[in-house]
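Visitor: Residue numbers (this note's numbering), protein chains in the order written: chain V, 329 to 646; chain U, 329 to 646; chain P, 268 to 524; chain Y, 268 to 524.
Fair warning: there could be bad hints in the mix.
[Claimed, not checked] In silico lysine-lysine, PhoX-like type, Cα no more than 25 Å apart, as pairs:
1. K620(U) - K270(P)
2. K423(Y) - K291(Y)
3. K433(V) - K269(Y)
4. K499(V) - K579(V)
5. K291(Y) - K353(Y)
6. K270(Y) - K291(Y)
7. K269(P) - K506(P)
8. K548(V) - K576(U)
9. K353(P) - K353(Y)
10. K269(Y) - K291(Y)
11. K548(V) - K579(U)
12. K398(Y) - K423(Y)
13. K620(V) - K548(U)
14. K518(Y) - K372(Y)
15. K495(V) - K521(V)
16. K548(U) - K576(V)
17. K548(U) - K506(P)
18. K341(P) - K548(U)
19. K548(U) - K486(P)
20. K433(U) - K269(P)
21. K433(V) - K270(Y)
22. K440(P) - K423(P)
23. K270(P) - K433(U)
24. K579(V) - K503(V)
25. K499(V) - K457(V)
These aren't lab readings, by the way, just hints derived from the structure by calculation.
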Amino acid sequence: MRVHRWTSIQFKRTIMADLRVKIGAVEFKNPVTTASGTFGFGEEYVDFMDLGRIGGIFTKGTTILHREGNAYPRMAETPSGMLNAVGLQNKGIDYFVSSIYPQIKEYDTNIMVNVSGSTIEDYVATAEKINALDKIPAIELNISCPNVKQGGMTFGVSCAGAAEVVKAVRKAYSKTLIVKLSPNVTDIASIAKAVEDEGADSVSLINTLLGMAIDAETRKPLLSTVTGGLSGPCVKPVALRMVWQVAKAVKIPVIGLGGIMNATDAIEFFLAGATAIQIGTANFIDPAVSVKVVDGINEYLDRHGYSSIYDIIGALDM
Amino acid sequence: MRVHRWTSIQFKRTIMADLRVKIGAVEFKNPVTTASGTFGFGEEYVDFMDLGRIGGIFTKGTTILHREGNAYPRMAETPSGMLNAVGLQNKGIDYFVSSIYPQIKEYDTNIMVNVSGSTIEDYVATAEKINALDKIPAIELNISCPNVKQGGMTFGVSCAGAAEVVKAVRKAYSKTLIVKLSPNVTDIASIAKAVEDEGADSVSLINTLLGMAIDAETRKPLLSTVTGGLSGPCVKPVALRMVWQVAKAVKIPVIGLGGIMNATDAIEFFLAGATAIQIGTANFIDPAVSVKVVDGINEYLDRHGYSSIYDIIGALDM
Amino acid sequence: MKKCSLDMVVSANISLGDSHFLLKFTQEEPLPEMLPGQFVQVRIDNAPSVFLRRPISVNYVDRVNNELWLLVQKVGDGTRKMSEYKIGDTVNMLLPLGNSFTMPKESQSRLLLVGGGVGIAPLLFMGSTLKQEGFEPMFLLGARSEGGLMQLDEFKKLGKVYITTEDGSAGEKGFVTQHSILQEPIDMIYTCGPTPMMQAVARFAQYKSIDCEVSLENKMACGIGACLCCVTQTQTGHKCVCTDGPVFNSKELSWQI
Amino acid sequence: MKKCSLDMVVSANISLGDSHFLLKFTQEEPLPEMLPGQFVQVRIDNAPSVFLRRPISVNYVDRVNNELWLLVQKVGDGTRKMSEYKIGDTVNMLLPLGNSFTMPKESQSRLLLVGGGVGIAPLLFMGSTLKQEGFEPMFLLGARSEGGLMQLDEFKKLGKVYITTEDGSAGEKGFVTQHSILQEPIDMIYTCGPTPMMQAVARFAQYKSIDCEVSLENKMACGIGACLCCVTQTQTGHKCVCTDGPVFNSKELSWQI
Ligand SMILES: Cc1cc2nc3c(=O)[nH]c(=O)nc-3n(C[C@H](O)[C@H](O)[C@H](O)COP(=O)(O)OP(=O)(O)OC[C@H]3O[C@@H](n4cnc5c(N)ncnc54)[C@H](O)[C@@H]3O)c2cc1C
Ligand SMILES: Cc1cc2nc3c(=O)[nH]c(=O)nc-3n(C[C@H](O)[C@H](O)[C@H](O)COP(=O)(O)OP(=O)(O)OC[C@H]3O[C@@H](n4cnc5c(N)ncnc54)[C@H](O)[C@@H]3O)c2cc1C
Ligand SMILES: Cc1cc2nc3c(=O)[nH]c(=O)nc-3n(C[C@H](O)[C@H](O)[C@H](O)COP(=O)(O)O)c2cc1C
Ligand SMILES: Cc1cc2nc3c(=O)[nH]c(=O)nc-3n(C[C@H](O)[C@H](O)[C@H](O)COP(=O)(O)O)c2cc1C
Ligand code: FES
Ligand code: FES
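Start from the sequences, fold in the hints, and give me the full structure.
Guide: Here it is as structure tokens:
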């Protein structure tokens with residue numbers, strides 16, 4: 329009996345679709361990754377899931393220097409979502425290199441560092457330091473953090489600003505360069521094109537939508553910073569639309585995210601044109617969700633008779 | 329007994345706060361109005377509530393000519409919200425003047441016509457026709473419809489475009505001019521200032537966020553137009569943030585909307601700086617919600633000892 | 268007809284196989300007037316992913332006991348939540364909504380009500396109304412297999428019942444449009460069911476020049492004519508299924524038939 | 268300590284007055300190790316407006332019967348939904364989360380556990396653990412009025428219980444910090460309750476140079492140290508209440524005391 333069961337599992341595995349995708353020079357065993365700021369450096373999740381099952385991890389936003397982040401309260405629940413105003417709290421790139429990198433570099437998945445900054449020089453200096461790390465195959469340039477005054481959103485909301493910072497980092501960073509775009513703009517496709525023109529290997533979107541919450545009884549804002557970044561299923565329709573617009577506009581692969589809670593949501597992003605996806609807020613509701621999404625994508629591809637994830641990327645039937 | 333009950337109601341009424349607000353030249357008995365496209369011309373709701381209890385009604389979007397709108401399907405449910413792609417279906421301004429206006433002009437509430445268009449000439453021509461109608465004290469210029477190619481969103485997403493159309497309409501329309509702003513922009517406060525500079529008496533925001541939904545199983549978009557406008561509680565954090573930003577930037581009164589489901593939500597908008605609010609999608613869930621919001625605002629003001637709605641407008645405690 | 272928002276109390280929830288169930292709501296006061304073909308908008312709280320109300324046809328109205336019946340198929344979170352309603356639960360509904368099936372003319376005596384799947388829901392109420400008015404309705408009910416046939420006893424009390432199943436497990440094998448009853452003279456058809464079925468029935472009716480009314484199930488937001496989301500294309504432009512419908516004469520519709 | 272995601276089954280839901288209730292979860296297998304001061308993250312489905320998990324302290328662990336107890340106050344939609352759990356319902360939780368109260372040193376024998384309102388929740392587990400380890404904990408419990416005092420019988424089994432109520436309906440009238448027991452020598456204080464109460468207790472402890480641990484209840488998203496939403500300002504910068512806490516030595520915190 330046991331032998332039979334094993335055989336059938338083996339058989340099932342052999343008919344599984346090919347989930348591998350490539351972004352820039354990086355191969356991913358599957359297109360499911362976790363979003364910056366929602367997954368730490370992975371270690372918080374090892375009790376709940378096998379990191380080796382997912383395609384990659386985008387780390388916490390890292391800056392040139394240590395940052396304390398914004399004051400508490402930094403979080404407010406909203407209808408089908410949440411606002412955060414963490415404000416890029418992190419110990420700085422040197423601490424990452426000396427204390428975090430040695431611990432995470434043997435993970436059996438791709439680790440991409442999310443790089444944030446306030447000035448072009450900061451971005452460049454941080455990227456340069458990461459360039460030297462063997463086991464970090466890519467960075468995600470966060471030009472879209474809405475939660476700190478100089479969190480890069482000033483770069484991310486204009487084509488010129490975005491192009492300028494990408495150009496500078498591109499010179500300093502030789503590996504795969506992913507640029508994370510802000511949704512708080514009139515025309516996200518043009519910004520995507522601008523960063524593509526400067527040599528970005530991929531764009532990821534969306535970062536959080538700028539929002540706000542108020543406690544009517546106390547008349548106070550619910551975040552110390554008044555405004556914060558909205559994430560979760562509430563933003564999925566906007567994220568999906570932007571991924572669709574950007575995927576039509578650029579030739580580089582698009583990494584889609586925003587409100588993905590399960591495999592069905594993920595598949596919608598592939599159909600809209602994403603080559604890979606990130607899971608953010610959903611990790612808070614179910615710390616093993618990313619592995620479940622991998623399984624669900626497999627099940628979907630099998631059920632529909634697709635042999636590769638590429639069969640559904642951009643395959644929206646209009 | 330009956331007499332007693334009546335007396336206590338009378339008494340309760342006399343201690344009620346003053347809910348009256350003024351927008352341009354228009355006096356509203358209270359700051360609760362219903363949003364364009366979600367309340368017809370009011371007649372669909374008379375079985376469920378007393379229209380005389382609310383401050384006003386913003387009518388369906390009206391254009392110079394009859395429009396069939398977009399093909400079905402035009403609606404998709406989303407987490408805590410919905411997408412619509414109605415596409416300004418309406419019978420045109422002449423039909424409004426001849427057949428609808430005579431029926432609604434005696435309503436005991438303010439009726440504001442929502443004016444949409446594809447060209448400046450259309451906007452102007454429509455506004456001129458409404459200028460002649462005694463019982464229409466204001467128009468709401470919709471320069472932000474995301475659902476038709478020339479739905480005005482092209483005007484609404486740049487300061488220059490917005491200014492141009494408002495300038496032209498301002499010349500042709502002498503009564504209160506409210507301009508409805510698009511949230512699909514990088515900097516809504518500048519657009520608000522641009523329309524204020526051209527003589528708008530008020531701005532209302534937000535119109536719907538551009539979004540998209542896909543059926544993963546059929547691989548088809550859920551809307552015939554692929555993208556549509558997102559509304560409902562999911563957009564409230566974004567709406568609140570924009571109202572707050574705009575209210576700080578302009579001197580004219582701001583009408584706030586986006587995801588208001590109850591009196592608490594409404595109060596959050598007042599605190600953020602709105603002088604009046606509109607209720608949209610919530611009417612579909614509870615067709616009597618607008619009256620309940622009026623009652624809830626009264627209850628809140630009483631409980632907190634405020635004598636006027638103006639006590640809480642912009643009264644966010646930072 | 269005045270619409271209202273009613274809090275109704277569940278008096279029975281009867282499972283009809285895996286995927287269908289019958290809800291009864293009873294109240295002391297007489298129910299508002301309702302016509303066959305009309306529907307209600309059910310408010311569903313606390314179901315994941317459900318934001319809007321759900322339109323459900325009036326399946327039957329028992330005026331003696333002040334009972335409203337709804338026949339529902341579980342297809343998603345909303346209807347699944349409804350399937351869990353317990354006796355005594357209160358459910359808010361807007362009703363009565365929409366137009367209704369039109370009564371036949373005196374001259375029309377051979378009336379066929381064609382239903383597929385849960386589309387039989389409004390036909391029970393229509394059948395009982397026709398019978399009350401002195402007509403002798405006939406029913407042609409289709410399902411994938413025997414298990415999908417519901418309320419047969421109720422239908423049989425109202426008139427002759429003809430059956431097709433796709434797998435032949437009951438009645439004639441095949442689709443409703445292949446049933447032999449269609450070879451006999453018919454004066455008027457009322458139909459509700461999956462769109463392809465209704466289109467096939469309408470095509471048949473048009474071919475035979477039989478008057479045919481179809482009941483559409485477009486997606487709705489408001490259900491009361493305010494949002495213009497539920498439109499169907501007709502010979503005279505877009506019409507709202509929730510107010511101009513759900514019942515349309517098949518000739519009115521712009522179907523490719 | 269390894270964290271896990273467990274589906275636990277409700278074995279009792281006991282109402283303690285209008286606004287509080289006690290949930291028990293029982294399972295066949297031994298429960299994972301849990302320490303006093305730790306908490307669980309409860310997943311709540313199908314409650315309006317609830318999106319994130321809800322952090323709740325471990326109130327008590329019965330290792331013999333494999334029972335986990337949670338003492339909960341109804342304050343919003345999430346806790347209201349929890350108050351409706353029925354025996355047999357399955358609830359998903361992440362546990363055990365956070366650090367824990369530290370065990371006293373041998374030399375510390377006069378231990379006072381000060382709780383206010385639902386803040387008594389973790390103190391029961393801490394008290395029972397202290398007693399097991401051979402200590403003799405004392406409890407100082409405060410509430411607005413007698414009705415707000417909960418689990419007194421359980422506390423009394425573990426040690427002496429002192430009470431204050433704001434209205435004087437039980438114990439001494441006033442706030443916990445006004446209770447006469449505080450005049451006697453104390454070696455260590457553990458406290459959990461409303462922030463103003465904990466700050467007052469911490470102020471008292473600092474003034475008297477008594478070691479004092481407080482258990483914070485900052486708002487959380489993940490509960491496992493991943494989101495950095497739950498931070499509190501400490502002498503060494505922002506720390507996560509969900510992993511570095513919820514228990515902090517009061518001297519570590521940057522409170523204005
Ligand atoms: C006028 C009218 C009368 C109706 N009468 C009945 C009735 O008597 N009994 C009954 O069981 N159902 C009836 N329906 C259909 C019923 O409204 C839907 O099945 C219900 O809204 C689905 O809700 P849900 O949350 O369970 O599923 P959802 O999660 O909303 O949807 C599940 C799946 O069903 C599809 N779906 C949902 N609604 C529709 C629709 N209207 N048309 C096509 N596909 C849809 C969705 O696309 C999705 O794939 C009627 C619909 C209308 C418009
Ligand atoms: C580590 C920890 C342990 C806890 N232990 C317990 C416990 O054992 N028993 C118990 O009843 N509660 C405990 N709480 C508090 C509990 O988590 C909240 O009461 C609960 O999340 C409220 O959820 P809700 O959906 O009912 O209310 P919501 O609708 O989320 O909130 C209702 C009101 O309470 C306020 N509120 C909610 N959570 C908090 C918070 N964490 N701090 C301050 N105000 C808040 C909101 O601002 C709002 O005004 C604990 C919290 C933490 C962080
Ligand atoms: C608590 C929190 C912290 C975040 N921190 C970062 C960050 O440091 N850098 C970044 O690029 N994005 C950050 N984000 C944004 C997410 O990576 C993601 O873009 C966003 O949450 C949308 O995806 P989601 O809806 O799946 O969460 C953060 C989001 C959350 C909720
Ligand atoms: C079905 C539907 C139709 C709408 N039609 C219009 C319209 O014609 N003109 C307009 O300015 N806004 C229109 N809107 C936008 C609303 O007036 C409002 O700006 C938006 O829905 C946000 O508010 P809410 O979240 O309260 O619904 C429409 C919204 C919906 C849902
Ligand atoms: S559903 Fe709103 S008009 Fe029909
Ligand atoms: S709640 Fe996420 S880090 Fe503490």
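Visitor: Does each hint fit the structure? Answer for all of them.
Guide: Each hint tested on the structure:
1. K620(U) - K270(P): 18 Å, holds
2. K423(Y) - K291(Y): Cα-Cα ~20 Å, so holds.
3. K433(V) - K269(Y): 22 Å, holds
4. K499(V) - K579(V): 21 Å, holds
5. K291(Y) - K353(Y): Holds - the C-alpha atoms of K353(Y) and K291(Y) are around 10 Å apart, at most 25 Å.
6. K270(Y) - K291(Y): At roughly 20 Å apart (the allowed maximum being 25 Å), K291(Y) and K270(Y) satisfy the hint.
7. K269(P) - K506(P): Distance of about 21 Å is within 25 Å: holds.
8. K548(V) - K576(U): Roughly 16 Å between the alpha carbons, so the hint for K548(V) and K576(U) holds.
9. K353(P) - K353(Y): 15 Å, holds
10. K269(Y) - K291(Y): Cα-Cα ~22 Å, so holds.
11. K548(V) - K579(U): Holds - the C-alpha atoms of K579(U) and K548(V) are around 23 Å apart, at most 25 Å.
12. K398(Y) - K423(Y): 12 Å, holds
13. K620(V) - K548(U): 24 Å, holds
14. K518(Y) - K372(Y): 18 Å, holds
15. K495(V) - K521(V): Holds, at about 13 Å.
16. K548(U) - K576(V): 16 Å, holds
17. K548(U) - K506(P): Since the Cα atoms of K548(U) and K506(P) sit roughly 24 Å apart, the hinted pair holds (cutoff 25 Å).
18. K341(P) - K548(U): Between K341(P) and K548(U) the Cα gap is close to 23 Å, so the pair holds against 25 Å.
19. K548(U) - K486(P): 16 Å, holds
20. K433(U) - K269(P): 22 Å, holds
21. K433(V) - K270(Y): 23 Å, holds
22. K440(P) - K423(P): 20 Å, holds
23. K270(P) - K433(U): Given pair K270(P), K433(U) holds - Cα atoms ~23 Å apart, limit 25 Å.
24. K579(V) - K503(V): 18 Å, holds
25. K499(V) - K457(V): Holds, at about 13 Å.
Checked against the numbered hints above, the structure violates none of them.
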